[in-house]
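Residue 1 is where the sequence shown starts when you use the numbering used here, and the numbers rise one by one after that.
Source of the hints: derived by calculation from the structure; they are not laboratory data. Glycine is no exception: its CB is placed at the ideal position from the N, C-alpha and C atoms. Incorrect hints may have been included.
Said to hold, decoys possible - Derived CB-CB ranges, DEER-like:
#1 A141 - K117: 21 to 27 Å
#2 A125 - V60: 36 to 42 Å
#3 V60 - K159: 43 to 49 Å
#4 E169 - K117: 47 to 53 Å
#5 K10 - D110: 50 to 56 Å
#6 G74 - K173: 29 to 35 Å
#7 D121 - A183: 37 to 43 Å
#8 T126 - S14: 23 to 29 Å
#9 V3 - T126: 23 to 29 Å
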Amino acid sequence: MVVDCRAVSKNFKSIAFRMPDALQIFKNLEGGYYFGACGLAMGYDQVEPSERMQRLLTVVGPDGCYYPTRLPLGPSPAPAFFQQQTASAFEDVVDGVFIDDLIYKGKDFDEFLRRSKELFDRCEATGFTLSLRKSVLGKKAVEVLGFNISQKGRTPTPKKVEQLRNWPELESKDDLASLLAFADYLREFIPDY
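Turn these sequences into a full structure, and let the hints guide you.
Here is the structure:
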């Protein structure tokens, strides 16, 4: 069932919850030698919406009323609500929680294994499930938020560098704004920016 949530989103109060700070996540990963980056399986489907959200999102069909038992993607407070749920479940056992991505480090392999077990135990305790396909464990480098993270620090991915090198010719103010935003994300790696 597909539902347009634009009208009902006006009835939701904004959730006052901070979204993750990418620079803080990168700082938290400093000093790591082994890294893990795990994605939650079917992200929003693992979170139950609040009762109020369920009532507001109830849909009346020809054979009855349907209310969501899992967090749908459409309502405006869904991203902040989901981030709130994942952060409260995991931020004390990993170095970064970014929506449905959990990132952590180990200064040596024993610490990495211990922290991996803590993460898996927390998943079991909270009912969250990790996606094997979206997870990498025990690597000496991982991709996090468009950057490669390793013992040597953070560098832009080759894909991001190539994307900047091959940026299409600018034709409008919007094109310029897009280029500047992209370059700003990579600013510390661009000489004389």
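Going through the hints against the structure:
1. A141 - K117: 21 to 27 Å: The hinted range 21 to 27 Å holds for A141 and K117, with Cβ atoms some 22 Å apart.
2. A125 - V60: 36 to 42 Å: 37 Å, holds
3. V60 - K159: 43 to 49 Å: 46 Å, holds
4. E169 - K117: 47 to 53 Å: Cβ of E169 to Cβ of K117: about 52 Å, so the range 47 to 53 Å holds.
5. K10 - D110: 50 to 56 Å: Given a distance of about 52 Å, which is inside 50 to 56 Å, the answer is holds.
6. G74 - K173: 29 to 35 Å: Holds - the Cβ-Cβ distance for G74 and K173, about 30 Å, lies within 29 to 35 Å.
7. D121 - A183: 37 to 43 Å: 42 Å, holds
8. T126 - S14: 23 to 29 Å: For T126 and S14 the Cβ distance comes to about 25 Å; the hint holds.
9. V3 - T126: 23 to 29 Å: 27 Å Cβ-Cβ, so the 23 to 29 Å window holds.
Checked against the numbered hints given earlier, this structure breaks none of them.
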